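Undergrad: Chains as they are written, first to last, in the numbering used here: chain A, 1119 to 1220; chain B, 326 to 507.
Think of the hints as simulated: they come from the structure by calculation, not from any bench.
Worth double-checking, as some hints may not be accurate.
What the hints assert, rightly or not - Each computed DSSO-like pair below joins lysine-lysine, with the alpha-carbon atoms no more than 30 Å apart:
{"hint": "1", "chain 1": "A", "residue 1": "LYS1213", "chain 2": "B", "residue 2": "LYS422"}
{"hint": "2", "chain 1": "A", "residue 1": "LYS1207", "chain 2": "B", "residue 2": "LYS452"}
{"hint": "3", "chain 1": "A", "residue 1": "LYS1207", "chain 2": "B", "residue 2": "LYS442"}
{"hint": "4", "chain 1": "B", "residue 1": "LYS422", "chain 2": "A", "residue 2": "LYS1207"}
{"hint": "5", "chain 1": "B", "residue 1": "LYS442", "chain 2": "B", "residue 2": "LYS452"}
{"hint": "6", "chain 1": "B", "residue 1": "LYS503", "chain 2": "A", "residue 2": "LYS1218"}
{"hint": "7", "chain 1": "B", "residue 1": "LYS452", "chain 2": "A", "residue 2": "LYS1213"}
{"hint": "8", "chain 1": "A", "residue 1": "LYS1205", "chain 2": "B", "residue 2": "LYS351"}
{"hint": "9", "chain 1": "B", "residue 1": "LYS422", "chain 2": "B", "residue 2": "LYS351"}
{"hint": "10", "chain 1": "A", "residue 1": "LYS1218", "chain 2": "A", "residue 2": "LYS1205"}
{"hint": "11", "chain 1": "B", "residue 1": "LYS442", "chain 2": "A", "residue 2": "LYS1213"}
{"hint": "12", "chain 1": "B", "residue 1": "LYS422", "chain 2": "A", "residue 2": "LYS1205"}
{"hint": "13", "chain 1": "A", "residue 1": "LYS1207", "chain 2": "A", "residue 2": "LYS1218"}
{"hint": "14", "chain 1": "A", "residue 1": "LYS1205", "chain 2": "B", "residue 2": "LYS503"}
Said to hold, decoys possible - Residues of chain A placed beyond 10 Å of chain B at every Cβ, according to the derived structure:
{"hint": "15", "residue": "LEU1200"}
{"hint": "16", "residue": "ASN1215"}
{"hint": "17", "residue": "LEU1217"}
Note that the structure is predicted; figures quoted are calculated from it, not measured.
Built from N, CA and C at the ideal position, the CB exists for glycine as well.
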Amino acid sequence: MITLTDFLVVSVALFCIGLYMIISKRNAIQILIGIELILNAAILNLVAFGKHDAVNNSGQIFALFAIVLAAATTAVALAIILNVYRKYKTIDPDKINNLKDQ
Amino acid sequence: MSLIRLLFYFMSFIAIASALYAASTKNLVRSIFVFFVTLFALAGLYVLCLADFVAVTQVVIYVGGILVLILFAFMLSGKETLDVMQQQKGKFFSLGKLPAILLAALFFIVMINVVLKADADNLPWVKDSIANNNTIAPNVATIDNIGVNLMTRYLLPFEAISVLLLMALVGAAHLSRKEAEA
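This is chain B alone, in the form it adopts within the complex (with noise of 0.2 Å):
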């Protein structure tokens, strides 16, 4: 077994563990700190695709922006969501949460199936890139092409995404601001 082998279902049990834990904890900040686990062992995930510059995104954006807004948000609106917490301690398996456990088992199932039979490795365009050399090579900089397509084969997208970037935050900004008389 190949050491990138192992780093992946390294990262990949990490991922996994961490989002379950997160997902099945009552208790919200620990749910919110596992939350940052996942996000750097799937950063570490991208950059086994060779995705160096998206795993480096990932990291300043979703762990330096996002979780801090996450963290801002519950510490805004803390005290009732930790009585909430209290109410429930008491019970281990409630049977309100069977229905969500039943969907998502299925849709994994449904899913897992899925992709075993795309079987994504035999598709034409992938099999087409490997013989071309059209495949990212492990010991090549990908940052200068990314830079130089999102300035010309991808500008109009670039453009758009920077013009909903400052509606989204104008609209968040005005969201939250204190209301004159209320």
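Just chain A, with the same shape it has in the complex (with noise of 0.2 Å):
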């Protein structure tokens, strides 16, 4: 049988991959990429403990809804990313350093 502890070792290496996929990478796709990861070890979690919640399922519902979530951000998240790009040429967060419209 698989325990519990396996899961959380799994979502663990999950989350340290996004984390620094977030923090090294130059590019905003990439970016993104580290915070599905991320949100994909979250979900990972509730999923392993929802096996313990027959009656209620909540674990599982509540992944359905990170689900969601994730899928939101995603489309706000491409969707500012062709903004700055049509504005700025790159996407390499290190180099739009305006907050405001010149």
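Two chains, two frames, a set of hints: combine them into the complex.
TA: This is how it looks when you write it as structure tokens:
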């Protein structure tokens, strides 16, 4: 039988890979992929604990909510990335240094 | 070693290895397509947690929706990112990545310690649920129960998230519209 700790270890590994991607990448799309990895690590935890709640299914249902939220954030983030690209002709977050339109 | 454990190791190896490759490669296109593999392996892990409905949702929404969106964003802003890639090609190991690696590794050590100390399999409520037969059995269809719960116990969060999703999609459409004069 697979124990809960096994799933937690896998999700910790995914979380740290996502964290590394967010810090080190110089491309907004790869940073977005890192955020998705972290979200997936959290969803894995929810699902793994949700196995022990057969009546209310709280873990699985909130995992579904988290997936929907990830879809919503991705749609908005990609719209913002496209706007930034239109204005700056780059999607390197280090080079975007104006908060206000010139 | 039972088959289910073997499958678990297989899936988690694929998930972590492909995530590592997505993090280490300099090629954005490869990074996106390897992320596909990670998501599929994670869907397999959800099946091993006996959450088949979440696994199917993962495949439909993440692979069908989010990755297509990411690919579109890449294609609409692709030329510049390809140039950035060309510049970095010479360096094998850049010193600028060292702090990120260090931080991620330290986080990993700390969180592994936390997980091992927390000893999730012996938590009181987990033991209670095993004793009271509240654990999902592999031969029971959970989808009926999820549907009933979604429409009764979790109706308020369900409605809230539907409004939020509508807001996010309208906002995304508004942000990415063509300006009238610009």
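Undergrad: Are the hints correct? Go through all of them and say.
TA: Evaluated hints:
1. LYS1213(A) - LYS422(B): The given pair, whose Cα atoms are some 18 Å apart, holds under the 30 Å limit.
2. LYS1207(A) - LYS452(B): violated, 56 Å
3. LYS1207(A) - LYS442(B): Distance ~48 Å between LYS1207(A) and LYS442(B) Cα, so the pair is violated.
4. LYS422(B) - LYS1207(A): This hinted pair holds, its Cα atoms lying about 25 Å apart.
5. LYS442(B) - LYS452(B): OK: LYS442(B) and LYS452(B) at ~17 Å, within 30 Å.
6. LYS503(B) - LYS1218(A): holds, 19 Å
7. LYS452(B) - LYS1213(A): Violated, at roughly 52 Å.
8. LYS1205(A) - LYS351(B): OK: LYS1205(A) and LYS351(B) at ~25 Å, within 30 Å.
9. LYS422(B) - LYS351(B): Holds, at about 13 Å.
10. LYS1218(A) - LYS1205(A): With Cα atoms ~12 Å apart, LYS1218(A) and LYS1205(A) stay inside 30 Å; holds.
11. LYS442(B) - LYS1213(A): It is violated: about 42 Å lies between the C-alpha atoms, which goes past 30 Å.
12. LYS422(B) - LYS1205(A): holds, 28 Å
13. LYS1207(A) - LYS1218(A): This hinted pair holds, its Cα atoms lying about 16 Å apart.
14. LYS1205(A) - LYS503(B): holds, 12 Å
15. LEU1200: violated, 6 Å
16. ASN1215: With a cut-off of 10 Å, ASN1215(A) remains clear of chain B, as the shortest Cβ separation is near 17 Å.
17. LEU1217: The claim stands: LEU1217(A) keeps its Cβ more than 10 Å from every Cβ of chain B (closest is about 16 Å).
In terms of the numbered hints stated before, the structure departs from hints 2, 3, 7, 11, 15, listed from lowest to highest.
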